[in-house]
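There are 2 protein chains.
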Amino acid sequence: MYIENVKSPKDIKSLGIEQLNTLSKEIRKALIVRLSKCGGHVGPNLGMVEATIAMHYVFNSPIDKIVFDVSHQCYTHKMLTGRAEAYLDLTHYGDVSGYTNPEESEHDFFNIGHTSTSVSLACGLAKARDLKGETGNIIAVIGDGSLSGGEAFEGLSNAGTLNSNMIIVVNDNEMSIAENHGGLYENLAQLRQTNGTTECNFFKSLSLDYRFLADGNNISELIKIFHEVKDCSKPTVVHICTQKGKGLSYAEENREKYHFSGPFDIATGKGKHDNSEVENYNTITGKIVIETAANNPRFVAITSGTPGVFGLNSSQRQALGSQFIDVGIAEEHAVAVASGLASAGCRPLWAVYSSFIQRTYDQMSQDLCINNNPAVICVFAASVYGMNDVTHLGIFDIPLLGNIPNLVYLAPTCKEEYIAMLNWAVDQQKHPVAIRVPAHVTASDVLFTDNDYSNLNRYQKVETGERIAIIALGSFYSLGRKTAVEIERRTGIHPTLINPRYISGLDSNMLNEIKSSHDIIVTLEDGILDGGFGEKIARFYGNSNIRTLCYGIRKEFIDRYNVNELLKENRLTPEQITEDIEQLL
Amino acid sequence: MYIENVKSPKDIKSLGIEQLNTLSKEIRKALIVRLSKCGGHVGPNLGMVEATIAMHYVFNSPIDKIVFDVSHQCYTHKMLTGRAEAYLDLTHYGDVSGYTNPEESEHDFFNIGHTSTSVSLACGLAKARDLKGETGNIIAVIGDGSLSGGEAFEGLSNAGTLNSNMIIVVNDNEMSIAENHGGLYENLAQLRQTNGTTECNFFKSLSLDYRFLADGNNISELIKIFHEVKDCSKPTVVHICTQKGKGLSYAEENREKYHFSGPFDIATGKGKHDNSEVENYNTITGKIVIETAANNPRFVAITSGTPGVFGLNSSQRQALGSQFIDVGIAEEHAVAVASGLASAGCRPLWAVYSSFIQRTYDQMSQDLCINNNPAVICVFAASVYGMNDVTHLGIFDIPLLGNIPNLVYLAPTCKEEYIAMLNWAVDQQKHPVAIRVPAHVTASDVLFTDNDYSNLNRYQKVETGERIAIIALGSFYSLGRKTAVEIERRTGIHPTLINPRYISGLDSNMLNEIKSSHDIIVTLEDGILDGGFGEKIARFYGNSNIRTLCYGIRKEFIDRYNVNELLKENRLTPEQITEDIEQLL
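Going line by line, the protein sequences match chains A and B.
Residue 335 in the numbering used here sits at position 284 of the first sequence, and the numbers go up by one each step.
Residue 483 in the numbering used here sits at position 432 of the second sequence, and the numbers go up by one each step.
To be clear, the hints were calculated from the coordinates, so they are not data collected in a lab.
Just so you know, not all the hints are guaranteed correct.
Unchecked claim - According to the in silico footprint, chain A covers these stretches of chain B (three or more CB under 8 Å from chain A):
1) 152–166
2) 178–190
3) 204–218
4) 348–358
5) 371–385
6) 571–585
7) 588–600
As the list claims (entries may be wrong) - Label pairs and their calculated CB-CB ranges:
8) B:Y612 x A:D503: 28 to 36 Å
9) A:E342 x B:E279: 54 to 62 Å
10) B:L635 x A:N613: 38 to 46 Å
11) B:T500 x A:E185: 34 to 42 Å
12) B:Y612 x A:P113: 33 to 41 Å
13) A:S284 x B:A265: 32 to 40 Å
14) A:D325 x B:G396: 45 to 53 Å
15) A:E607 x B:E517: 33 to 41 Å
16) B:E517 x A:R518: 30 to 38 Å
17) A:P113 x B:L507: 24 to 32 Å
18) B:R243 x A:K88: 55 to 63 Å
19) A:E467 x B:V536: 54 to 62 Å
20) B:D140 x A:S567: 56 to 64 Å
21) B:E250 x A:N613: 50 to 58 Å
To be verified - Partner residues are not named here, just some residues of chain A that face chain B (Cβ under 10 Å, in silico):
22) S171
23) S208
24) F253
25) S256
26) S373
27) Q374
28) S406
29) D413
30) S416
31) Q417
32) M438
33) P456
34) G556
35) L580
36) L635
All values derive from a computational prediction rather than experimental measurement.
Just so it is clear, CB atoms sit at the ideal spot from N, CA and C, and this is done for glycine as well.
Kindly generate the complete structure, drawing on both the sequences and the hints.
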């Protein structure tokens with residue numbers, strides 16, 4: 052075993068090609084075992100084993116600096132930079148995050164989890180090197196899928212003006228998370244077909260130097276090409292073609308499924324928690340998409356590179372024909388296209404993860420909401436129960452979207468209410484509507500009564516009580532109900548329970564009406580408190596003698612948290628909330 | 052005069068080339084007169100007279116749909132689509148906005164004011180046309196400057212996959228607001244030099260068809276090329292070269308100065324309100340940039356296509372050498388570069404307008420603040436006193452930036468405090484810091500005492516009073532002072548006056564301390580209330596018997612408003628606030 056002896060990249064520099072090839076086999080084997088047990092980004096990591104070895108063989112990290120785009124392909128890099136144990140020893144699996152992380156190693160320069168940022172970040176490092184009069188190579192590693200995002204283009208075009216060293220390794224595996232979309236990808240195909248020689252070359256058109264390597268999984272060829280570009284004096288693209296999921300037959304075949312996977316059986320590839328019988332909001336949404344598309348030829352489902360968000364497989368997507376658009380990882384474009392479609396009488400539905408809608412504030416505001424075009428947006432994983440990596444948190448969308456004029460932002464509490472809101476949103480043509488998809492497919496609550504949400508900002512009083520009112524938003528409705536029970540148990544007071552439904556506006560009538568019979572208003576929201584829903588309620592009651600207690604998550608970047616611990620830390624349990632209320636009674 | 056008889060584009064279709072040329076002269080003359088009196092986008096409009104005439108001659112608006120990028124070049128379009136009076140008759144100048152506006156005309160499809168959105172919006176219209184089984188041309192008109200923005204790239208690459216009609220007119224005047232920046236522009240130069248024939252072609256690399264016209268101010272050639280692409284079955288770029296500022300010698304010469312201008316004297320071009328003696332925050336900032344750059348070789352000033360934000364002229368910028376970066380209109384890249392620079396120990400300062408920082412939420416969060424890199428950002432025109440077009444409002448940045456973890460968002464109240472905060476921000480290396488540049492260069496207030504802001508979230512008590520405390524943020528500090536005077540005059544109560552300085556955090560100590568001697572807390576902020584500063588104060592006091600009154604702007608897209616009226620509508624005068632307080636006393 053070589054890998055156990057690699058404590059830093061220096062330790063591979065004395066190895067010969069044969070030994071490096073053996074090392075790559077060891078690494079791939081370790082990756083497969085770890086991925087099968089913990090899950091993770093299977094395809095991207097397996098494809099980049101050889102290229103990462105070759106980079107660390109040729110370049111001198113951390114003086115030479117490698118910036119990985121999305122950094123979901125950085126496992127081999129971590130193994131070569133002192134963190135191999137976390138991939139070899141089960142008891143140390145938890146030592147590292149799934150992304151680059153400067154707190155872990157001097158070889159990591161940024162926390163990165165969103166796409167298309169590496170070239171721009173690397174431009175900053177290159178510029179800093181030049182200002183400081185230092186030397187060294189700055190290397191950005193970016194996948195073909197990430198090239199569709201606007202920030203990557205901005206980075207590439209600006210890199211083209213840099214009169215000094217920078218190397219951009221384009222890892223072309225002919226895939227994004229799913230298949231690629233965009234005219235750019237025809238150019239990449241042409242480049243592959245012509246061994247990089249076609250005259251019309253996207254990268255050259257941005258004033259970048261360019262080199263091509265057909266077999267990006269061949270260590271000796273990789274070493275050769277990296278040696279050629281090392282210390283180049285002008286930004287240079289090294290376009291390498293790799294096999295996504297290499298070494299795992301089912302991952303090579305089904306590249307979308309194994310882009311990211313939970314734990315799986317190595318022999319068969321079958322996911323250990325796979326259960327296609329279990330209903331989730333992706334499949335619920337996909338079903339509505341198929342039904343609506345069949346009934347309304349003007350309906351279009353849009354994804355920005357994450358077609359799985361609709362829970363539809365590739366053939367279901369194809370069956371939707373022109374009523375399904377994947378724009379690639381291009382969220383800004385998705386919003387503008389949706390706005391254009393809606394303005395012309397079509398009914399676009401864009402489904403997107405909370406973490407990624409962050410990439411579109413200006414488009415939501417300018418392209419969509421100023422124009423008040425009735426596009427529909429489903430915001431998934433907008434919850435503490437969503438993804439828990441610091442780069443993929445779903446707790447910031449309420450301040451982001453809830454404060455944009457004209458946007459109706461809805462928070463359904465359960466499956467039935469989600470479906471009703473979604474159907475209404477697609478049907479109406481008056482407002483841009485976003486829907487915060489609940490965290491859990493809960494059984495229908497008796498409370499659910501409405502199919503029409505066009506009379507905006509009408510909250511629903513589910514329980515009429517006295518003295519205490521709980522306004523429990525979306526996914527935290529069930530927390531509200533449990534809290535009501537706990538309050539009654541401990542104090543004998545039967546609280547009012549309100550499902551506000553609308554994140555983006557206040558029901559002044561109801562809020563005023565309950566003033567006379569209530570002293571304490573509690574708000575619960577599944578996101579950060581700052582700029583959120585509860586603060587609007589606090590402002591509303593500011594000039595009265597009503598007390599307001601706002602519950603939600605503290606404004607903070609949290610990483611790989613345990614949900615229950617996080618909730619406790621934020622006093623988000625029925626018991627803690629009841630304690631706080633008792634203090635005020 | 053032909054122009055007076057043009058009520059719709061139909062009215063120019065029977066004209067011959069000679070007559071169209073005469074029409075263009077009439078239009079240009081009218082534009083110059085109007086621009087000289089009202090100000091506006093001089094260069095972009097004068098350059099696009101002929102191309103706009105030719106488009107309306109060849110295409111059949113509104114069945115054929117033209118989407119103007121930024122839409123700051125749409126004046127001729129407005130004149131040809133029933134709104135000529137607003138350009139010919141002084142008393143009707145106020146009838147139209149400076150941008151396309153669907154409320155004005157069926158020939159306008161979107162409110163647009165930010166760059167790089169036209170191709171994506173047009174893709175939506177094209178897709179809608181196809182879904183509805185309609186015909187007609189969809190035309191996006193985009194300037195070369197706008198091509199540097201990521202959304203434009205996302206749009207172009209996605210347009211490349213559209214198997215139906217779309218025409219993208221690239222209006223290449225070799226300028227952005229100032230000069231262009233980015234490797235892309237070398238390709239545009241090559242295309243111009245080779246009459247569009249060079250093989251390496253950015254547009255073709257995105258699978259777009261391509262045509263070139265050297266003289267984009269020649270109506271008959273424009274008509275010819277538009278005829279050729281009309282009803283094309285594949286997205287096609289028509290690259291035309293125009294003269295920015297055409298017909299006005301000083302605007303042709305000084306294209307940056309006359310990109311946008313206030314009223315000017317036609318004969319000389321001298322601005323009617325030009326007064327280079329008057330100090331403003333642009334020149335104040337530019338002065339600090341020059342000084343800091345001289346003292347610290349690691350300091351870099353960054354602009355994203357609006358170098359005027361630093362109040363530096365072209366030669367001053369050049370003198371800064373590698374310590375000044377213009378990344379073109381690429382705000383996302385600007386943030387990432389700043390983060391990279393800061394992470395490597397350099398001191399980047401990005402200056403940007405409030406309206407445009409909206410384009411970077413995800414980069415602010417992911418590229419910068421998760422990594423806690425100490426870049427510095429000056430946010431200009433973040434005020435009701437900033438730009439007042441609906442697409443350029445400066446009232447949304449507090450909810451946008453104020454709720455991002457790790458970011459220290461500061462609100463200086465006066466020139467001295469701004470300078471102190473800026474110097475501190477550039478000096479420290481612990482936090483990403485944004486500074487909300489005040490609206491007015493006010494005389495120094497006696498209150499100003501601090502040079503070190505590293506002890507975060509410490510508010511400053513300027514006046515110690517009783518019962519009523521006014522927390523007056525940034526530009527509204529002077530409103531707070533006036534309100535304090537008015538309250539004392541009317542009620543005899545001497546209020547406490549607080550300069551909170553930190554937008555992004557609460558001074559819990561001070562807020563708790565004043566509880567015992569105060570009943571009413573008033574917050575004032577120069578931006579929308581929703582998600583803003585005051586709501587945090589309201590939440591803080593929610594569980595106490597303190598009354599909070601939050602003042603700011605209602606969440607709403609407002610257009611071409613009168614500031615004083617807006618303030619009154621939002622009860623933002625000392626008298627109104629005092630009235631409200633009296634109700635509570």
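Against the structure, the hints come out as follows:
1. 152–166: With 7 residues closer than 8 Å to chain A, the stretch 152–166 of chain B meets the three-residue bar; holds.
2. 178–190: holds (count 6)
3. 204–218: holds (count 9)
4. 348–358: Coverage by chain A holds here, the residue count being 3 at a Cβ distance below 8 Å.
5. 371–385: This one holds; 8 residues, not fewer than the three required, reach chain A with a Cβ under 8 Å.
6. 571–585: Satisfied; 6 residues make the cut.
7. 588–600: holds (count 10)
8. B:Y612 x A:D503: 28 to 36 Å: 34 Å, holds
9. A:E342 x B:E279: 54 to 62 Å: For A:E342 and B:E279 the Cβ distance comes to about 44 Å; the hint is violated.
10. B:L635 x A:N613: 38 to 46 Å: 44 Å, holds
11. B:T500 x A:E185: 34 to 42 Å: Because 40 Å falls inside the window, the suggested range holds.
12. B:Y612 x A:P113: 33 to 41 Å: At roughly 53 Å between Cβ atoms, A:P113 and B:Y612 fall outside 33 to 41 Å, so the hint is violated.
13. A:S284 x B:A265: 32 to 40 Å: 34 Å, holds
14. A:D325 x B:G396: 45 to 53 Å: 48 Å, holds
15. A:E607 x B:E517: 33 to 41 Å: Since the Cβ atoms of A:E607 and B:E517 sit about 35 Å apart, the hinted range of 33 to 41 Å holds.
16. B:E517 x A:R518: 30 to 38 Å: 32 Å, holds
17. A:P113 x B:L507: 24 to 32 Å: 31 Å, holds
18. B:R243 x A:K88: 55 to 63 Å: 58 Å, holds
19. A:E467 x B:V536: 54 to 62 Å: 57 Å, holds
20. B:D140 x A:S567: 56 to 64 Å: 58 Å, holds
21. B:E250 x A:N613: 50 to 58 Å: The hint (50 to 58 Å, Cβ to Cβ) holds, given that B:E250 and A:N613 are roughly 57 Å apart.
22. S171: OK, holds: A:S171 within 10 Å of chain B, min 3 Å.
23. S208: 4 Å, holds
24. F253: Status holds, d = 4 Å.
25. S256: 4 Å, holds
26. S373: Interface hint status for A:S373: holds (6 Å vs cutoff 10 Å).
27. Q374: Cβ of A:Q374 sits 7 Å from chain B, so the hint holds.
28. S406: Given a least distance of 9 Å, the restraint on A:S406 holds.
29. D413: With a closest approach of 4 Å, the A:D413 hint holds.
30. S416: 6 Å, holds
31. Q417: At about 5 Å, which falls below the 10 Å cut-off, the nearest Cβ of chain B leaves the hint on A:Q417 intact, so it holds.
32. M438: 13 Å, violated
33. P456: Nearest chain B Cβ about 5 Å off; hint holds.
34. G556: 9 Å, holds
35. L580: 7 Å, holds
36. L635: Holds, about 6 Å.
Violated hints for the displayed structure, listed by number in ascending order: 9, 12 and 32.
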